[in-house]
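Chemist: Just so you know, the protein sequences line up as chains B and Z, in that order.
Numbering that gives the first Met the number 0 puts the first sequence at residues 0 to 365.
Numbering that gives the first Met the number 0 puts the second sequence at residues 0 to 365.
Honestly, the hints are just simulated from the structure, not real lab data.
Quantities reported herein were computed from a predicted structural model and do not represent experimental measurements.
Here a beta-carbon is modelled for each residue, glycine too, at the ideal position from N, C-alpha and C.
A portion of the hints provided could be inaccurate.
What the hints assert, rightly or not - Taking beta-carbon pairs under 8 Å as the criterion, some of the chain B residues facing chain Z (in silico):
| no. | residue |
| --- | --- |
| 1 | V35 |
| 2 | R45 |
| 3 | R98 |
| 4 | E182 |
| 5 | W358 |
| 6 | F359 |
Number of protein chains: 2
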Amino acid sequence: MAILLSNEEVQALLTMEDTLRVVEDAYRELGEGTAVNRPRSDLYSRTNLPDAFHVFKTMEGTLPSHHVVALRIDSNVVRWREVGGKLRKEGVPVAAGNRYLGLVLLFSTENGELLAIMPDGYLQRMRVGATNALAAKHLARADASRVGLLGSGWQAGAQLMALALVRPLREVRVYSPNAEHRESFAREMTATLGLPVIPAAEPSVAVADADILASATNSLAPVIDPGWVRRGQFVTCVKHAELGTGVLARCDKTFINARRANPETYLPGHGHVDVHDPVEYLMPGASPSGGGRGGEPDWAAYPELQELVGGAAAGRGSEAEVTCFINNIGLGIQFSAVAAAIYEAAVRKGAGRQIPTEWFLQSEHP
Amino acid sequence: MAILLSNEEVQALLTMEDTLRVVEDAYRELGEGTAVNRPRSDLYSRTNLPDAFHVFKTMEGTLPSHHVVALRIDSNVVRWREVGGKLRKEGVPVAAGNRYLGLVLLFSTENGELLAIMPDGYLQRMRVGATNALAAKHLARADASRVGLLGSGWQAGAQLMALALVRPLREVRVYSPNAEHRESFAREMTATLGLPVIPAAEPSVAVADADILASATNSLAPVIDPGWVRRGQFVTCVKHAELGTGVLARCDKTFINARRANPETYLPGHGHVDVHDPVEYLMPGASPSGGGRGGEPDWAAYPELQELVGGAAAGRGSEAEVTCFINNIGLGIQFSAVAAAIYEAAVRKGAGRQIPTEWFLQSEHP
Chain B
0 MAILLSNEEV QALLTMEDTL RVVEDAYREL GEGTAVNRPR SDLYSRTNLP DAFHVFKTME
60 GTLPSHHVVA LRIDSNVVRW REVGGKLRKE GVPVAAGNRY LGLVLLFSTE NGELLAIMPD
120 GYLQRMRVGA TNALAAKHLA RADASRVGLL GSGWQAGAQL MALALVRPLR EVRVYSPNAE
180 HRESFAREMT ATLGLPVIPA AEPSVAVADA DILASATNSL APVIDPGWVR RGQFVTCVKH
240 AELGTGVLAR CDKTFINARR ANPETYLPGH GHVDVHDPVE YLMPGASPSG GGRGGEPDWA
300 AYPELQELVG GAAAGRGSEA EVTCFINNIG LGIQFSAVAA AIYEAAVRKG AGRQIPTEWF
360 LQSEHP
Chain Z
0 MAILLSNEEV QALLTMEDTL RVVEDAYREL GEGTAVNRPR SDLYSRTNLP DAFHVFKTME
60 GTLPSHHVVA LRIDSNVVRW REVGGKLRKE GVPVAAGNRY LGLVLLFSTE NGELLAIMPD
120 GYLQRMRVGA TNALAAKHLA RADASRVGLL GSGWQAGAQL MALALVRPLR EVRVYSPNAE
180 HRESFAREMT ATLGLPVIPA AEPSVAVADA DILASATNSL APVIDPGWVR RGQFVTCVKH
240 AELGTGVLAR CDKTFINARR ANPETYLPGH GHVDVHDPVE YLMPGASPSG GGRGGEPDWA
300 AYPELQELVG GAAAGRGSEA EVTCFINNIG LGIQFSAVAA AIYEAAVRKG AGRQIPTEWF
360 LQSEHP
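The shape of chain B in the complex, shown without the other chains:
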């Protein structure tokens, strides 16, 4: 039987402890060369709306220790909208019920069978939280106990849950421009983590004296003032734009997720192009200053997290070093690891909707 799961079921099955463990194993296997990753590809098509495009995003990875390969598929309509003078790419919920399509398909590498189909919404945030915490495990000071957090969304919560598993946290201060959000986030996370999570009215107050400076916002512009970075700190974010070159320049040692930082992007009328955000190709009239990430560092010059986890690259060298991890693009093997953990838990607990395996098999050799 293949198992079909909902986000609610995934949430009930997946602990952050498990996520962190399987993600660490996956990076180690990737570093050893046994796990294999196909970089993300993005195929764009025009739609019936002049300013909306369909993007078909896939990535995959094999994880031999769990005998699985996972394929992540996002099939959604996107639109670029100007926000604060910058173009921002936004998903448009045009599927039935104003929803999105994001799936992870898990297959057995022993017999090829489809094992599970699950939505990627919940697990994709868990894997980001776990990945950043995995970096913290190798890069933050061993006694790091104070977190300064920017952002109070779901991603911010995942960051804290994961960081609390790798360092002896004693206090978190959180800033978000919306007072109500940061206060309710602080209340909830205080209860979840069992340690004081304190709302701060100013970002500089949130990050003062922090051992770990974590940004988990949806901002496309830098949110960290380089002046906030302290000796011995570990800095992390959920996307590069939050940091800016000023912060990067303050870091002694920076790791990234992948040197191949752009997806394989395929566009109508242009074929294969090497860009992360193709707005300049698809909407040539759009503001040339918007769209692209602009001012991207030369990612090829940075070491990858898999080298750190596998021991090929050295982590923190001294108490005073400023270390940094940038989750610059997702990897298929992150999904393989987390989907395998979810599937194994679902089998143990009999969770999910059972679908006959035979529906997806054939006698014909393809």
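Following the hints, complete the assembly by docking chain Z onto the known chain B.
Modeler: Relative to the frame of chain B, chain Z by itself:
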């Protein structure tokens, strides 16, 4: 509702006429740049068996005229076996019921939803037959009426069905080393096509005086003697190895499916490598002369079928020219075209198993 189909249902829904029409449209759109194709990728993993490997093959294409993107997924175990002194890669039917997994997932580019899941076995042969016949439409002489066919398997049947739609066929002669096979094939195809299909005991007899010389075998070594090639002929095959360089040298004008002739191959221990068959990497002890295609032409030097269909490249230039088409690697848009035709027919006829669209949607933006 998403529709789940079996190979039997696909067969009942898909005519060769429709296949040919949609494949031609797809190549035209690809030539115009509106359709977009992601080249095939192959991810290999080791299995519990020392000489068997799992290969996860995906390719995809967007087809704006049908508002779809199709993703083909093959998840199977393969093994290299020595046949006649050469290593041959074979699928091993290790899924439940000794079966294989090969699927096409069709998505809407208007709202992102999953429209259909269908096996790729039947449609994949129809798309090969239709693609070669599409080439014949542009490259065979207008009065081509005699086919010399090598091979009597299912693929050979698809070739004839498709060729009969583009040229005024009057006679087919077929050779296969197994007398019983070629005779039953001849009987069946005579009935199907309504024209004489005559078994030949020698390949040279089958191909004598042929206007179209078609090979549809599973041989990895050349099956056509260069001396059989006649002026004015159109030569085609289902894989390059059937031709050999001697035949290629006799052809005045040769088109291929794609200049990017190798899949994006990812291997444990090697990462991304630019080979079609990675046996030399995975089984270093294997005969170095086997495995790889060996003596591959420089595909980058050949024009593609999309250029011919779109009019960017000239087809047959004279009655005397020898023309050739080599289906050197599959394209995602072939699957998009054929899967779209199948889906549209299934909707019209209410065929297949209905699966709630909501099972594959989520409120969370991925």
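Chemist: Out of the numbered hints, which ones does the structure contradict?
Modeler: 4
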